[in-house]
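Visitor: These protein sequences, in sequence, are chains A and B. Residue 21 is where the first sequence starts when you use the working numbering, and the numbers rise one by one after that. Residue 619 is where the second sequence starts when you use the working numbering, and the numbers rise one by one after that.
Bear in mind the hints are in silico, worked out from the structure with no lab data behind them. Among the clues, some could well be false.
As the list claims (entries may be wrong) - Here are the computed lysine-lysine pairs in the DSSO-like style, where the Cα-Cα straight-line distance is at most 30 Å: (1) B:K703 <-> A:K55; (2) B:K736 <-> B:K691; (3) B:K703 <-> A:K468; (4) A:K559 <-> B:K703.
To be verified - Pair by pair, the computed Cβ-Cβ distance ranges are: (5) B:S776 <-> A:G808: 54 to 60 Å; (6) B:S625 <-> A:L47: 31 to 37 Å; (7) A:V563 <-> B:G674: 34 to 40 Å; (8) A:N658 <-> B:K691: 53 to 59 Å; (9) B:T741 <-> A:G339: 55 to 61 Å; (10) B:G674 <-> A:K494: 45 to 51 Å.
If you're wondering where the values come from, they're calculated on a predicted model, not measured in any experiment. C-beta: ideal position from N, C-alpha, C; glycine also.
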Amino acid sequence: MPLDIKPVAPGHSFTVVGTRPLRPDGLDKVTGRAKFGADATAPGMLIGKVLRSPHAHARIRSIDASKALALPGVKAVVTRDDFKEGDPDFRDVLRNVMARDKALYEGHAVAAVAAVSAIVARKALKLIKVDYQVLPHVTDVERAMRADAPVLHDDMFTSGLEEASDNAASAAKAEEFGHVEDAKEKESDPHHGASLAGGFRPQSKKPSNVAKRHEFGHGDVEKGFAKADIVIERKFRTEATHQGYIEPHACLANYGSDGQGELWGCTQGHYMVRNVCAQLLGMDVSKLRVTASEIGGGFGGKTTVFLEPVALALSRKAGKPVKMVMNRDEVFRASGPTSSATIWVKIGCTKAGRITAAETELKLQGGAFAGSPVDMAAMAAFACYDLENVKAVGWDVVVNRPKQAAYRAPGAPISAFGVESVIDELAHKIGMDPLEFRLKNAAKEGTKSSYGPTYGPIGLIPTLEAVKKHPHYKAPLKANQGRGLATGFWFNFGGQTCVSLNINIDGTVALALGTPDIGGSRASMCQMAAEELGIPYDKVRAVVADTSSLGFNDVTEGSRATFSSGLATIQAARDAIGKLCGRAAQMWGISADAVVWDKGHAKPSGSNAGNFEPLSLADIAKVAANTGGPIAGHYEVNAEGAGVSFSTHIADVEVDRETGRTLITRYTVIQDAGKAIHPSYVEGQYQGGAAQGIGWALNEEYIYGEDGKLQNPGFLDYRIPVASDLPMIDTVILEIPNPGHPYGLRGVGETSIVPPLAAIANAVSAAAGVRMLELPMSPPKILKAIGGQAAGKGKSKESKGGSKR
Amino acid sequence: MTSVRVSTTINGDAVEYLCDAEETLLDVLRDRLGLTGSKEGCGTGDCGACSVTLDGRLVCSCLVLGAEADGRKVATIEGIAQGDKLHPLQQKFLEHAALQCGICTPGFLVASKALLEKNPNPTETEIRYWLAGNLCRCTGYDKIVRAVTSAAAEMRESR
Chain A
21 MPLDIKPVAP GHSFTVVGTR PLRPDGLDKV TGRAKFGADA TAPGMLIGKV
71 LRSPHAHARI RSIDASKALA LPGVKAVVTR DDFKEGDPDF RDVLRNVMAR
121 DKALYEGHAV AAVAAVSAIV ARKALKLIKV DYQVLPHVTD VERAMRADAP
171 VLHDDMFTSG LEEASDNAAS AAKAEEFGHV EDAKEKESDP HHGASLAGGF
221 RPQSKKPSNV AKRHEFGHGD VEKGFAKADI VIERKFRTEA THQGYIEPHA
271 CLANYGSDGQ GELWGCTQGH YMVRNVCAQL LGMDVSKLRV TASEIGGGFG
321 GKTTVFLEPV ALALSRKAGK PVKMVMNRDE VFRASGPTSS ATIWVKIGCT
371 KAGRITAAET ELKLQGGAFA GSPVDMAAMA AFACYDLENV KAVGWDVVVN
421 RPKQAAYRAP GAPISAFGVE SVIDELAHKI GMDPLEFRLK NAAKEGTKSS
471 YGPTYGPIGL IPTLEAVKKH PHYKAPLKAN QGRGLATGFW FNFGGQTCVS
521 LNINIDGTVA LALGTPDIGG SRASMCQMAA EELGIPYDKV RAVVADTSSL
571 GFNDVTEGSR ATFSSGLATI QAARDAIGKL CGRAAQMWGI SADAVVWDKG
621 HAKPSGSNAG NFEPLSLADI AKVAANTGGP IAGHYEVNAE GAGVSFSTHI
671 ADVEVDRETG RTLITRYTVI QDAGKAIHPS YVEGQYQGGA AQGIGWALNE
721 EYIYGEDGKL QNPGFLDYRI PVASDLPMID TVILEIPNPG HPYGLRGVGE
771 TSIVPPLAAI ANAVSAAAGV RMLELPMSPP KILKAIGGQA AGKGKSKESK
821 GGSKR
Chain B
619 MTSVRVSTTI NGDAVEYLCD AEETLLDVLR DRLGLTGSKE GCGTGDCGAC
669 SVTLDGRLVC SCLVLGAEAD GRKVATIEGI AQGDKLHPLQ QKFLEHAALQ
719 CGICTPGFLV ASKALLEKNP NPTETEIRYW LAGNLCRCTG YDKIVRAVTS
769 AAAEMRESR
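Using the sequences and the accompanying hints, generate a full structural model.
Guide: Shown next as structure tokens:
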């Protein structure tokens, strides 16, 4: 944390911050004028289309594009031969953008065409001949870990094993937890070791689909379990879901023969796009200028590149601008959904409700390349609790599916689903209100978190206390209804950020930001600039500046935009105020030290300084040319101190025991925002995260066939919540100031998707009278669970404290 | 490729265009006429981002051929405001923060306007079912439903 960040005093009274002004980009967005990724055109523009692998796993023997190139109207074809492998750090992103020796998932890009129209481009794709050698595939995370699984990368060796606290025990658990195979398979597999017959043995010497093992925690869980009166362990499963942004990926590239390029498109981070594309195309970073269009949702899915390098390569080859837009089918098959997972959780507690030990093992497939968010899932798993003995192990696994991309609080909803379900069950088991149970074990200031750091001031207990006071928690339920509670945590990020604030001649302010605005963040930035400068909100106009106009900015992700760009905006405003005071001092002929800034005016600091009429920002701006020229404030930072955030959700559901359909009847989100800059958009983040979580819990899933192909790549079959599926989503904003931000704000975007999976599972389990262990809780699964319960088939395991699993 | 000649009315103005026989009305609006306010979210009629009205009836323009607009009246998001005066729905969407990213907003506005023309006093349930063909991934629909309710009330009062 830079030392020059001065927080406002506690109880500070804000003027603009905390109000709800109309957003600066609002008019364009309600009139259809706003320009999104697919809305740009250029003279002489071609249309680019991608040829994608129909196979889940195949070696590409050869690609023959001669017939496509001969089709009238086709101007360029690119394949793997048009991209050179260079920096190993960019190897996976390049291979994902365009397949090299192998297609690793159905939908993997194999070639691309630029033609005079979409119709011609589509015809050309059909003329490209690809000779595939189809290979065995694997799309399930546990199958991919087996010794007999087809291996995706013959150079992938499991890393992180040397850090295992107890390697032998870990390997043994790997065998026990989900790698158990039947006797026949054991015999037929030549790779099984004697001591681990039938199981996966993680090792760093033989290639496998297991990229990495992660471990977090402290204390001794075995000792902790020995002290428990009751221990519950469960195994859960979640399916892959997609961010489901309504705007498909789109870009417009223009690469000139002078080696300079321009790119327009929808992305969460245009500086990242510039750097990655420059690397993949062998360009100087300075020669590529990227402009971020308005962005139609991202939720983490637009934090990488897919079409952008391909469009630039096509444009380079054709010598013309090339526009590329994915269709929805491509978005589902070939962008970056999140992981599917298996989650094992074991928690022990005393009869008095104190947790003695907590342990989890998580397996997340991240698609065809390493990098699933299992590390963050493991770190976040027990972050809500004050624990003496805690251990979280995560396995990062590759399968023949599209490479996952971030999805809102990546990994955390998955581990929270398992942990918060077991917490709920433990509370009921010892006859304690789940809310009281959480209060008894909640992390607070000074708690050593399960992932390492010790917490500063945090808002978990206030969210739980707010649940207690909320009328929702005590409202009566009807037949077949159930209520569930869950808490959630997210780290929040800071990162590289850079802001310019220019004072215009008429006293208005032009604010240049580098973090694409996805949910109304420009409004919040204008509010913070206006607050600091002491001028009205509508005097500040914010833009998301292109990559040639500002220094590097990290991607809008990790709930960092309003925190980091907000912090930089405030600091840039303070920088400008210093200069404005200097100009006033010059106009008055006094020392700059003798001038203060108060409510938008420069004033002499006291009677000793002199007796001058205050000068407004506009007064000083008007004569800036005579006092030294333009006035601007700047700030560049790699922001730290983002301040973790907690949220507790209450979900009421009604389960139809005949159809298995679950209806959300009431939903409340209570979350700490640190400081809500624009409360309407904070509420919007809470509601949106809850709605996505509801979809994940009840309906959404990637369904793969035995052929390794995605069976539901459209919004009809991949069903995100529609208006008639949801009730109003109530919100309560708490404000526990974050000491790392001048106004105390914490990022709010992600935490809200963490609790819903478990909150709804707890509610459905209460309503249906049977513990739900798999997502989504779609009607067939609920009917099966109710049926299984009727037949007395409980598959849960419970044990008294200290006993072996 | 044989082009079809089409004479139609868009947002009250007479418009003529040539389009390919297989081209959708959405593609014509966006690519030939520069009316990019209608968005393509799916191309299969599932998301409603391309909602327009055709002779007053709410349709997904991605499921209508450009040629089918011949002799008919098309209304798009670009025609909802009257000059510099926003439609009450547009104003309420802004006031209620009923949009985050804004990609679905044109479709929601076109669909909501069609609803209020049929039913000036819809219940929350009627709004939710009418708008069930429009997907929004950002808001959870709460603020959209409130904005439509509020616009409906204002429009009833000003009658």
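Visitor: Find the hints from earlier in the document that the structure breaks and name them by number, from lowest to highest.
Guide: 3
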